[in-house]
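Visitor: Protein chains in written order, with UniProt numbering: chain U, 1 to 103; chain Y, 1 to 814.
Because the hints were derived from the structure by calculation, they are not lab data.
If you're wondering where the values come from, they're calculated on a predicted model, not measured in any experiment.
All C-beta atoms in this analysis are idealised placements derived from N, C-alpha and C, irrespective of residue type, glycine included.
Be careful, since some hints might not be right.
What follows is a set of in silico ranges between Cβ atoms, one per label pair, in the way DEER data are often shown [as the list claims (entries may be wrong)]:
| no. | chain 1 | residue 1 | chain 2 | residue 2 | range |
| --- | --- | --- | --- | --- | --- |
| 1 | U | S35 | Y | T729 | 33 to 41 angstroms |
| 2 | Y | K789 | U | S35 | 31 to 39 angstroms |
| 3 | Y | S458 | U | C8 | 53 to 61 angstroms |
| 4 | U | V94 | Y | R284 | 26 to 34 angstroms |
Which chain Y residues stay away from chain U? Per the calculated CB distances, all over 10 angstroms, these [to be verified]:
| no. | residue |
| --- | --- |
| 5 | G229 |
| 6 | Q400 |
| 7 | H452 |
| 8 | S457 |
| 9 | G525 |
| 10 | K564 |
| 11 | E759 |
| 12 | E813 |
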Amino acid sequence: MSNWKLICPLEDIPQLGSRVVQQAAGGDIAIFRTSEDDVFALHDKCPHKGGPLSQGIVHGKRVTCPLHGWNIQLESGEAVAPDVGHCGKFEVKVEGGKVYLAV
Amino acid sequence: MSKPKLVMVGNGMAGVRTLEELFKIAPDMYDVTVFGAEPHPNYNRILLSPVLAGEMKVQDIILNDHDWYRDNKVNLHLGKKVVKIDRVKRQVISEDGSVESYDRLLMATGSTPFMLPIPGNNLEGVIGYRDIADTDAMIEAAKHYQHAVVIGGGLLGLEAANGLKLRGMDVTVVHLGPWLLERQLDEVAGKMLQKSLEDRGLKFLLEKHTEMLIAGESGRVAAIRFKDGMQIPAELVVMAAGIRPNTALAEASGIYCNRGIVVNDTLQTFDPKVYAVGECVAHRGIAYGLVAPLFEQAKVAANHLANYGIGRYTGSVTSTKLKVTGIDLFSAGDYMGGKGTEEIVLNDPAGGVYKKLVVKDNKLVGGVLYGDTSDGPWYFQLLKDAKDIHEIRDTLLFGQSMVGDVGHQGQSSAAAMSDDAEVCGCNGVKKGTIVRAIKEKGLFTLDEVKKHTKAASSCGSCSGLCEQILASTLGGAYQATASDKKPLCGCTDYSHKDVRETIRSRHLITKESVFEAMEWKTPNGCDKCRPAVNYYLISTFPHEAKDDPQSRFINERAHANIQKDGTYSVVPRMWGGLTTPAELRAIADAAEKYNVPTVKVTGGQRIDLLGVKKDDLPKMWADLNAAGMVSGHAYGKSIRTVKTCVGAEHCRFGTQLAMSMGVKLEKMLFDMYAPHKVKLAVSGCPRNCAEAGIKDVGVIGVDSGYEIYIGGNGGIKTEVAQFFCKVTTDEEVMEYSGAFLQLYREEGWYLERTCHYLERVGLEHIKGKIVEDAEGRKAYYNRLLDSLKNAKDPWETSREEKPIKQFIPIRLEA
Ligand code: SRM
Ligand SMILES: Cc1cc2nc3c(=O)[nH]c(=O)nc-3n(C[C@H](O)[C@H](O)[C@H](O)COP(=O)(O)OP(=O)(O)OC[C@H]3O[C@@H](n4cnc5c(N)ncnc54)[C@H](O)[C@@H]3O)c2cc1C
Ligand code: SF4
Ligand code: FES
């Protein structure tokens, strides 16, 4: 069963930006908001060399890692070709203007 | 509603490229049907030569496999030749009776080899050289027969001859002209080429008229006879005496043709429903026979098929390269010269090198390189950019590479590199890997190479080498685009220049309005274009356009440099490299309080605190601000440091107060954003201890005032700054340097440093606007001061404008 946790109001994440959620264990989670207000959550760890994806530039439904520029698909966590790699994803939802994360 | 139908006749390089371009911008617009007379999916025809030479296999040269057609939902008719177009019913009919109707038709039928109208030209064993079937026929013939004759000493003929020779045949090339490749080479180079091919065992008969081909007993061709009575054995005859655009089908259906299917600048034929691209086309009277121009046509045609209506094809300058391994030959543009042109020539027959550059009105208009072609792409770029070369004329012939970029063993010529030499030092990519990717994946542009191999995708210093590798692997298929036409990134076809000009002329002040006005292909750009557009907006309309933090790279958003482990580095400004015990104490306190693991003196005369956690940044900066220190912008495309020497303040040789001059400049430029980072230095005398010779602006004190140098760079490619002007007062130093930097801010393209900007526009242009025009200079200077008038420490701005949430992680309790 998913255990939904209230994270923050949607407006606390900038459009085309992100926030970092720190877990007690299991590493940081990056929550992204697109220009259409879709929200996605990925492990804050690039499949290339572990760069913090939360610090990247968000465009469309992708984020560009700040360290060496890999592009990661927000929906699936897959790296965009020709790079190959996968980044763990988490369930998120927005309800009543608030962001919830399933952990 | 059903989609409109697009039918394409001819499944070759130009046609399929058009579909690829179309699918990129309007993937679901049409139901697409393709007819191809050959039984193969689209392949790289150019590489038939290496296939014949035994260097590649047919399966290696497929560009679009069956999956590609399926994935793009293309209804594919292979091995079916279209025999009729009914323009009234809007239908095409193929040999086997298949009928497809169209709303738009794309003709891409290519061309066919010209078969000399002589007796015997239809005998068995007499072929053209155009497709896989011809190539297979040659490979097969080489197994059974001895004597081959190639008619035509052009590019195609020589590649055929070389391949047949490598397959063990005895090959004679018959040529009507006085020297080989007379359409690409002048006589000297033509003769040098002949000599090296003769050394490989090829035979040549020049200025020979073929009279007839003679059949042997089996009915297969056995000999060739010339008008002068001479006769030689020939069991295989390859006609490579030119090509003829395939216009029969178009002509029969009443579409106007004249040496090709006649099209306008949007690749539309006289029937507005019918478009045409490729070798079958005559555009402004020219039918091209190389792929680079055809690909340019494809791009424009796709844009119009997608109903965007942007872009015109206005013709191409072409360059060629012979694809015979071991022979380096390059020619471009008007290589013969003539009235009104001058020639710069280097002729070293013993060394096997010949270079001729043709110059007209101080511009390069053509050239031939034989033996050493490594600078071919560079010359071709100069030619396409129509660059004024008079400043570099003395050294033009010796090529681009007086100084090599660092990081690839000083090599500046791809030709000289072995396959396992490292080209890209950042990503560890070897030359062989790049060559293989180009061949196997069918890559044609630097962008594609970057994407598929990662080479040149980080610091970019090897871009030039990668372009050379592309050019030498692709031959004439290599497209050098004029620099001011190169698309900014994959999200748009517009260049930096177009974007800048549109923002200015249409007074755009948000990224959304730019994306809309210029029909961006992506909803909100990418990591390449967003920062560029953001810079153009805020530099063009300083107090009007609002900075967009989400369009900035993380360093500029966090006002600190991100490190490999995700921590940050903090570099407080030390004006002119000067500091005080109080500042040092504040830095020491901050370092202790926030457990900074590394404290280092930078190459820019200040102190770097490395390894700071992101959530500590605001607190640390609050402390540093309180001690009177501000951000050093060690992270931004912005003013970095003004390096100084001790100057006349202390030094026994000092002629000017270098420290105080440096501090004044740094204060004036504080918080200045630019296309790329900007570094200055002020030295008190020509001993130049502050290294002003490799700075964007270098100031050197002399007894009577200051000398100002611009466009230096100490980074990837060391570039010595050029003398700009001499002034007498401190105020003039500020005004001239400030005005120059403002000009760079207004004209430079994003990520172009001053040295690259200077190389692009030329020193004369800059001097004309800043040194020679006093009023203009003042205007630039005032615009700089105006845009910096409210400059504040970025940390102060962050604190005022919004809660700095980005620095505060959300903690999730277990
Ligand atoms: C800290 C410092 C090295 C040091 O410990 O000395 C440094 C560190 C970096 N340099 Fe540098 N450069 C530093 C002085 C230099 C110098 C020397 C100088 O300024 O006198 C140069 C050559 C001079 C020049 O720029 O012309 C230099 C040429 C580069 C280049 C190549 C630029 C070029 O146009 O060729 C890059 C790459 C870039 O900017 O795209 C670069 C990029 C970088 C980056 C920002 C790489 C990055 O994107 O992360 C490094 C950040 C490390 C970090 O995390 O803090 N750094 N870098 C120096 C900071 C100076 C300062 O106080 O601001
Ligand atoms: C051996 C060789 C080496 C070459 N080397 C180079 C080089 O180094 N650099 C360079 O730039 N260029 C080179 N070229 C030229 C280059 O290959 C052509 O410019 C390019 O392929 C032309 O593209 P296209 O689409 O116009 O024609 P094509 O690629 O010829 O495609 C046309 C297709 O249409 C088909 N077709 C014709 N009529 C019909 C019909 N009625 N119905 C159905 N299908 C039809 C044909 O069968 C063919 O497959 C070389 C060509 C050859 C043959
Ligand atoms: S500090 Fe500069 S030279 Fe050193 S590794 Fe980083 S970018 Fe390269
Ligand atoms: S760590 Fe993300 S691209 Fe290298």
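Visitor: It remains to establish, for every hint, whether it holds in the given structure.
Guide: Hint-by-hint comparison with the structure:
For the pair U/S35 and Y/T729, the beta carbons lie near 51 angstroms from each other, so the given range of 33 to 41 angstroms is not met. For the pair Y/K789 and U/S35, the supplied restraint of 31 to 39 angstroms holds, since their beta-carbon distance comes to about 32 angstroms. The supplied range of 53 to 61 angstroms is broken by Y/S458 and U/C8, whose beta-carbon atoms lie about 35 angstroms from each other. Separation of U/V94 from Y/R284 is about 56 angstroms and departs from the stated range, judged on CB atoms against 26 to 34 angstroms.
Y/G229, annotated as away from the interface, keeps every beta carbon of chain U farther than 10 angstroms; the closest lies near 61 angstroms. No beta-carbon of chain U is positioned within 10 angstroms of the beta-carbon of Y/Q400; the least distance is around 27 angstroms. Non-interface call for Y/H452 relative to chain U: violated, since the shortest CB-CB distance, roughly 5 angstroms, does not exceed 10 angstroms. In this structure Y/S457 is not separated from chain U by more than 10 angstroms, as the shortest Cβ-Cβ distance comes to only about 7 angstroms.
Its closest Cβ contact with chain U, about 6 angstroms, brings Y/G525 to no more than 10 angstroms, contrary to its assignment away from the interface. Its closest Cβ contact with chain U, about 7 angstroms, brings Y/K564 to no more than 10 angstroms, contrary to its assignment away from the interface. No Cβ of chain U approaches the Cβ of Y/E759 within 10 angstroms, the least distance being about 25 angstroms, so the stated non-interface status holds. Non-interface status of Y/E813 relative to chain U is broken: a Cβ of that chain comes within 10 angstroms, the nearest being about 7 angstroms off.
Hint compliance for this structure: hints 1, 3, 4, 7, 8, 9, 10 and 12 are broken, all remaining hints hold.
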